[in-house]
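> Here is what each chain is made of, one letter per residue.
Protein chains: 4
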Amino acid sequence: MSNTNAIPNVLAERYATPAMRALWSGEGKVRLERDYWIAVLKGQKDLGIPVPDGVIEAYEAVKDKVFLSSIMQRERVTRHDVKARIEEFCDLAGHEHIHKGMTSRDLTENVEQLQVFRALLEVQKKSIAVLAAFSKRAAQTRDIPFTARTHNVAAQATTFGKRMAMFGEEMLIGVQALNELINTYPARGLKGAVGTRLDQITLFNGDTSKARALEERVLHHLGINAALDAVGQVYPRSLDLQVVSTLTHVASGAGSFAKTLRLMAGHELASEGFAKGQVGSSAMPHKMNSRSCERINGFHVILKGYLAMAAGLAGDQWNEGDVSCSVVRRVMLPDAFLAMDGLLETTLTVLNQMEVFEAVVEQELMRYLPFLLTTTVLMEAVKTGSGREAAHEAIKEHAVQVAKDMRTGKVAHNDLFSRLTADSRLGLSADAFEKLTTHGRTNMGDAPEQVDYFVERVGKLTAAHPEAAAYQPGDIL
Amino acid sequence: MSNTNAIPNVLAERYATPAMRALWSGEGKVRLERDYWIAVLKGQKDLGIPVPDGVIEAYEAVKDKVFLSSIMQRERVTRHDVKARIEEFCDLAGHEHIHKGMTSRDLTENVEQLQVFRALLEVQKKSIAVLAAFSKRAAQTRDIPFTARTHNVAAQATTFGKRMAMFGEEMLIGVQALNELINTYPARGLKGAVGTRLDQITLFNGDTSKARALEERVLHHLGINAALDAVGQVYPRSLDLQVVSTLTHVASGAGSFAKTLRLMAGHELASEGFAKGQVGSSAMPHKMNSRSCERINGFHVILKGYLAMAAGLAGDQWNEGDVSCSVVRRVMLPDAFLAMDGLLETTLTVLNQMEVFEAVVEQELMRYLPFLLTTTVLMEAVKTGSGREAAHEAIKEHAVQVAKDMRTGKVAHNDLFSRLTADSRLGLSADAFEKLTTHGRTNMGDAPEQVDYFVERVGKLTAAHPEAAAYQPGDIL
Amino acid sequence: MSNTNAIPNVLAERYATPAMRALWSGEGKVRLERDYWIAVLKGQKDLGIPVPDGVIEAYEAVKDKVFLSSIMQRERVTRHDVKARIEEFCDLAGHEHIHKGMTSRDLTENVEQLQVFRALLEVQKKSIAVLAAFSKRAAQTRDIPFTARTHNVAAQATTFGKRMAMFGEEMLIGVQALNELINTYPARGLKGAVGTRLDQITLFNGDTSKARALEERVLHHLGINAALDAVGQVYPRSLDLQVVSTLTHVASGAGSFAKTLRLMAGHELASEGFAKGQVGSSAMPHKMNSRSCERINGFHVILKGYLAMAAGLAGDQWNEGDVSCSVVRRVMLPDAFLAMDGLLETTLTVLNQMEVFEAVVEQELMRYLPFLLTTTVLMEAVKTGSGREAAHEAIKEHAVQVAKDMRTGKVAHNDLFSRLTADSRLGLSADAFEKLTTHGRTNMGDAPEQVDYFVERVGKLTAAHPEAAAYQPGDIL
Amino acid sequence: MSNTNAIPNVLAERYATPAMRALWSGEGKVRLERDYWIAVLKGQKDLGIPVPDGVIEAYEAVKDKVFLSSIMQRERVTRHDVKARIEEFCDLAGHEHIHKGMTSRDLTENVEQLQVFRALLEVQKKSIAVLAAFSKRAAQTRDIPFTARTHNVAAQATTFGKRMAMFGEEMLIGVQALNELINTYPARGLKGAVGTRLDQITLFNGDTSKARALEERVLHHLGINAALDAVGQVYPRSLDLQVVSTLTHVASGAGSFAKTLRLMAGHELASEGFAKGQVGSSAMPHKMNSRSCERINGFHVILKGYLAMAAGLAGDQWNEGDVSCSVVRRVMLPDAFLAMDGLLETTLTVLNQMEVFEAVVEQELMRYLPFLLTTTVLMEAVKTGSGREAAHEAIKEHAVQVAKDMRTGKVAHNDLFSRLTADSRLGLSADAFEKLTTHGRTNMGDAPEQVDYFVERVGKLTAAHPEAAAYQPGDIL
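Residue numbers (our numbering), protein chains in the order written: chain A, 30 to 506; chain B, 30 to 506; chain C, 30 to 506; chain D, 30 to 506.
Be aware that a few hints might be false.
Okay, the calculated bits of chain A under chain C, using three or more residues with CB under 8 angstroms as the criterion [unchecked claim]:
id	segment
1	104-111
2	283-296
3	317-329
4	428-441
Calculated directly from the structure, the hints in this document are not laboratory data. No residue lacks a Cβ here, since even glycine has one placed at the ideal position from N, Cα and C.
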C-alpha cells in the first residue's frame, strides 16, 4: 500500500499535546524498545552471559538514531515487525547481542505496558491540574447565590461555587481510582513464549534463580510497581479494560461539567469564554457558542467507544494467547489516551477562560425565588395574625396565577410578592417581603462549606504534586 | 502543537487500500469540497446570480492544487477550518465567488456524506468480491464430507462446501442491507444555517423556487439518490448509526468464518494458507498461525467500538444541532471505513489462500462416524434377526466403552464397528459395517444442493457487478 | 433456586403494553410453540407420514392449557427445557406425535424468530402512530415563528412546526429501514441439527422434495416473508444485530425530540404536559418536570446497551453454532422490544399532551430578533442615504453594547432598535424598525412548506396503515 | 397495564441465587427503605426533634409487613412511587413521622447505593470461592505436562496447573480492584433536594452541626465506608460505571477460562464435567457439550451490555441531576448483579466438576513434542561428532516431511525421532532420542513454581475470608 494520500491520526494532530504524542509516536516507541533491550542486555551481562566489552556502549551510542522508513522497508521484506526493528538496531550498532533468549512478546508486551503506564502518569498530572482549576473556580464563586435545577428546571437555591465543587468532586473520585490503578498496574515481565521463563532459564543453563533475577532488573528498569506471575504469552486484556474504564471514569466529572455549561450558556448564565483576541460573531454578538464544551462531550463519546473495544477483548483469551487483539490495541490504546489528553487540555482551557454573568444569574434567581419561599411566607403570615387556611389559600391562588401569567406573557417578572403585599388576607408589608427575599437569597445551607471542604481536599493533592497543579494548557484549536 | 512525533492513522497506514485512503485523506476531502463549491457556483450562475465570465474556469484551473500545510497555517490564524479553506481556494483562483449564501454546514455536511456514500460503494464492491470468493470455495469443496460441530464437538455430517456457503450466506444478508442503504441514503442538501433555505432564498431575492432548483442541481452533482427535507443544521446522526451498524453487519459473516477457521487450524483441518514464499516457523513446521483470521476478528471488535460511538451520537440532537458530534465523527467515520476495508481485504486474501487438509478432515470424520451411525446399526441388526433389546444393549455397551477407551488413551481410533462385528448378539458381518460406513459418509442431506443455491444467488450479484467480482486484493502485511 | 423474592421484569411490569408483553410472556411463547408443532404435524400428515385420526384434534383441544409451573417442574427433572415442554403437551393431549424428526432448534429458532417478527410488526404499528402524532403537532404549529438554536444558542428564525417535522423526519427514515427489515427478515426453517435437513429427509425415506415441501408449509404457517437456506444449527446472530440496531435507529427521532423538549422546558417555551388531574408541585407551580422525556432518553440508553449485547454476538459463530448466545438472547431480545415499546408509548403520550407557551416563544424571539436583522438594517440605512461605513460602525457599536448590557443586567430587553432609532447616523425611523421587525418575524424561508411535505409523506403511510395511525396509548406511570 | 402475561426477570428466575435475589427483590428493597427511615427517625429524635414515645416502636413492629400489591395500588393513585411507600408504611404503623425533612432522593439514592454495596460484598464472597476453586484445581494439576498454545496451535510445553493459575491470576487482579472499590465506595448521604442539606438544617432551626450529625448516624447505619460531600440531587453516575466495569473486570478471568475450556473440549483434552446422574447423549457418547462454559461467556456479553448502559449515563449529569437515568438504573443495576451472580455460580460449578483427560493430554503432547525439541537434537548431534550443517539439513528435511505426512494422512503419529534415528547423518541412537523425549516432557520451566505462588496468594485471601472460601454453589439449570 503506497504512501500517497497519507492520513494522520486526527486525535494526535488536532487535539493531543506534544508530551502525549511523544509517548505514542513511532519514534517514541522505538526509543522505549531500545532502552528496554539495553536494560536486558546489561542484566544478562551482570548475571554472567558473555557480552564482549564495548557492545553495550555501541548500542547506546546509536539508540536515538531512529529511521522509521528504514525499519518499514525491512518489515516489507521480513513480514515481521519486531524482526525488522532488531535488524535495524543491530546494523546500526554493528553487533548482534540484543534479544537473546527473548520472544517478540517479551519485548512488545512490556514496552506497550510502559507506554500505558507513562501515559497514565501524564493523565494523572493533567487531571490534578484540572482539579486545581475546579478548586480555584469553586473558591472564586463560593458565595454567588444560584438557582439549582433538577429535571432542568429551577428547584432550590445553591451557590455557583458549590456547583463547580460538585463536578470537581465527581472527578476527584475518578482520580482516586486512577491513583490506585497506577499503584497496582502489573507488568508482564520477561517470561518467554508461553510464560514459563523456559528460554531464559535455558540461556542460564537451567539456573532458574538467574532468570528470575534478570526479570527483577528489567522490572526495575521499567519502573512499574507490580508484576504478573503465572501469565501466558500476553498480559490479561482485562487490564486494558481497567485502564480505559478508569479513563472514562476520570473524564466523567468533566463531561457533566461541560454538559451543564452548555445548558448555562443557553440561558446566558455563563460562557466558556474566549481566547484572547477571539470574538463572537460580529453580526450576532449574543452568540456564545460552547464549542469547547461540546468537544469535551465528544471526547467522552469517543472514550466510550474505545471502552467498548476494550470490553470486546476482555475475557476472550484463547489458551496462552493469540493476536486477535493486536490490531484493536494498536488503535484503542493510543487513541484512548490521545482523546483523554485532548479532553483534559480542553477542560483546563474552559476552566481558565469561563465567564459567569452574575447579573443574569441574579435575574434567574429572582424569577424563581418567590416560588421557593412560599412556605416561609405562610409561616410569617400566621405570625402576624392571619388565619392559616386563608393565608394558604391566598398564596396558592396568586402563585398559580403568576406562573400562568409568566407563561402566557402577561408579566415578564415574577411579581408574586407584590401581589401578596396587595392582598389583605396576609397582612404582610412590602418591607416584610423585602426581608424575606434578602434572607432567602443568602440561605444556601451548607453549600459554601462544601466548597471549602472540596478546596481542602484538592489542596492536599496539589501539595503532593505541585508541578502537576501548576501545569498550564497550550493553545487549543 | 508542533509536528514532531507525528502519528499516522494506523488503520490507513497498515491495512487500508489506496482507494479507501484516497476517500478519507485530507487532499481527497479538499478536492471533493472544491468540486462541490464549483457545482454550486455553476448552478447559481445558471439561475441568474451574476458571476463574471472566466471565474468558474479560474476555480477549475486550480482545484487540484492542494497544499494542506498552507491551509493549516490559515486555520491557526482564523481558528475556523472552513474559512481557511475558502480563503486558500479563492487566493489560488484570484476570485471571491464561492460559498455565496452558504454556511459552513452547507458545505461540510454534504461533502462528508459524499465521502460516506462513496465509501459505501467501495465496501459494496469488495463485499461482492468476497462473496464471489466464498462461492468459489464452496463450489470447490461442495462434496467433501465433513464433521459438523455444535458446542464445538462433533454433531452430524455435512460437507465442507456447505460450511463455506453458510458463512457466505450470512454475509449475503448483510450485503442486501448494504444495497438498500445505498439506495435510500439521503443527503442533507443546501439548506442554510437551520435548514430553512433562508439564505439562498434571500440570495435569489425571495424566489423560493430558484433556491430549490439550485439544491436539485447540487444533489445531482453529488449523485446521492435521496435527500432530506425538513432537516436542521445537521443531518440526523442516526444515519451514521445506520451506516456503521450496516458495516458491522456485513462484517459478521467474515467474522464467523474467521473464528471457525481459527478453530479448524487448531485441529489441522485447514489453514488460512501462506503467501507465496512465506513459510511457517522452520523450527516448528506444524505452526499454522491464523494471523490473518485473528486480524479479521480484531477488525470486527474495532467496528463494534465505532458502533458504540455512533450509538452515542444517535438521538442526541439538541435543537437544530450542535458540534458535540464533530470530533467523534472525525474519528469514527474514516476509521470505521478504513477498518472495514482492511477486514474485507484480509478476508479476500484468506479465501484466496486457504488450504483444506482433506486427510485430516477424513480422519476426524472416521473418528466420530461410528457414533453417528448407531441408530442405523440397530435397524440393520433387527433386520438380520437379532432381538431389538439385545442389540440395543450390545451397541450401547460397546459405544460407551469405546468413548471411554479413546479418552483414556486405550485406543487411538474409533474401533466401535470392529467390536460390534465381534459381538455375536448383533450378527452383522464386517462387510455389513463397511457398507454402512460407506453410505454414512456420503449421506449429507441437502448440503450439496444448498451450496448450489448459494452459488446461484452470488452468481446473480456478480453478473450485475462483474468488475467488483473480479477485484483482487493487494498484498497484506 | 426457590421462588421467594420473585423479581418481575421491570420493563414489562412498569412500561410495556399488554400487546407486547403477550408476545414475550412464558404463556405466549408456549402457545406459539404449540401452534408451530401442530403446523409441522399437519404438514407431515399431508405429505404421507402416518398420523392416526384424532391426534391433531387432540393437540388442538389442549393447546391453550398452559401451566408454566408444571412445565418448570418437568424441567427440573429432565434438565432440558424443550423436552419438558414436549412431555407436557403430549401428556395433556394423550399422544406422542409432535416433534417428529425435529431437533430442539427446529422449534426454538423458528418460534423465537416469530416472536421477533411479530414484535417488529407491533413496533411498526406504534411507530406509525407516533409519526401521525408528529405530523399533527407539526401541522398545528406550522406557522409559529420560533428561534432556532445551534450550539444551544439562538441562530436564526424557523417555525415551531418545522422543528417538529425535523424530528419526525428523523424517525421516518428509521421507519423506512424498519419496513425493509420486515420485508426481508429470513426464518431459519426446519433444517435439522446442522442445517442439512438430514433428519426430515430420513423421516421421508430419503425423499428430499418432501422435506422441502414440509418446510414450505411451515414457513407459510409462520407468515415470515423470507427464509435462510445454507444455515447451520442456528440462524446467523447478525440478524439480531440488524433487529436491535433498527430499533435503536427508529428510536433516535424520539430521542432527539425528547432531549430538545427537555431543553425547551428549561426555557419555559414548552412542556411535555400533564395527564388530566395531574398538577405540578403545589409549592412550586413553575415546575414543569420533563419526567416522560427523560424516560424516553433513558429507554434509548437501554436500547444502546442491548445493541452492545447484539454486537457482542454478531460474527462470533463457532462452527455450526453453539449456545453461548442463549442466555444473552433470553435477556436482550424481549428486553429490547419491551424498552422500545415503552419508548414509543411514552413518546406518543408526550406528543398528545405537550403544550407550547406561545407568549414565551414570542418573548425569546423578540429578545434575539434585532441581532438577527442587523444585516437588513444596514441595507435599509444605505437606501435612505446613510454612508455604508458609518452605518456599519453605528450598528456594531450598539449591538455589542446591548449584548453586554443584557448580560450585565443593565437592560432586561433587547432595545437595540430603539437605540438605533435614536442614532442619527442611520436616519431610520421607529416606524421603519417596526416594519423590519414585522417582516423578520414572518420570514421563515421554506419552513412551513417543509412541514407540509412531511405531513404529506406521513399521510401516505397512515393511509396505508389506518389502524396503526389511530392507535392511542394507555396511561403511563 | 394489567398483570396478565406477567414476565419474570429471566436472570433472577433461572440463574441467580436466593441471596442475590433477596437484595434486588421488591420486598427486599422495601425492607431496606424501612430500616433506613427508622434509622433517620431515631437519629432525629436523639438530636432533639420531638418524636412521641412509642412511634419508633410502632414502625419497627410493622416493618416486615410488605404488601407489594397494596403499594402498587397506591402508586396508581398518587403517580409517585416514594409517596405510595410512605403512605403504606405510615398506615401500617398508625403514625406519620417518617421522611421528615427528606426528599425522595434522600431515601432512594442511599438505599439503592446500599443495595449496590451489599451486592458487591456478595460478589466478593463468591469471587473468593471461585479463586479458591482455581487454586485447588491448579494445585491438583500442577505437574501435568501440557501443550501450551498460541494462535490456537501448539507452541511450547507448560503444565495444566499453570494454565489454571494463569486464568486464576487474571481473576485475582479483578478481585483486588473489587476490594478497593468496596473500601472507597461513597454514599450520597442525607443532603436534601440539591445537596445543600437545606431542609434538614431548617428542620433543626438552622443548626448546621445537627444536620451533619444526623447524616453521620445515617451513614453509620448504612455501613458504607465513605461519603460524598459536595453532591447534587444524585450521586455521580460515573460511580455506577465504576461498579459495572469492575464486575466486568472480575468476570474476565472466568471468561478466558470458559472460552479455553470450550476449546479444550473440542480436542477432548478436558470437559466441564457433568452433574451427578447426568449423562451425555446416549446415542453420541462422545458428546461433551460445554453448555455451562458457553453460558459463562454469555453472561460476560450481558455484562458488557450493561457496561454500555452505565457508560451511557456517566458524565451526562444536567445541573444538579435529573431522572433520565432512572429507568436505565432500574434495569442495569439489578440485572448486572444478577448476571454476575449467575456467572460466578456457574464458574464455581464448572471448576468443581471439570475433568481432565490425561491420556489425550499426553497424546497431544507427544504429537508435537518432537517439533519442539529440534534445537536440542541439533546440539546433541554436534556433540556426537556430526557436522553442524549436515545435521541441520537432515533435521529440517525430516521435520518438514513429517508435518506434511501428518497433514496428508500418511502417518498418524509424529515419527520424526524414528526417522532421525534411521538417518546416519545424525549418528544418534534410539536411546538418545528416548532420553531427549523424557527430559523434554518434564522441563516446564517455572510453571510449577508459578502455581505454588498463585496458591499462596489465594491462600492469604481465603484465610482472611474463610466463610467465602467455603462457599458451595447450588444446583444450576
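> If you test the structure against every hint from before, which numbers come out violated?
1
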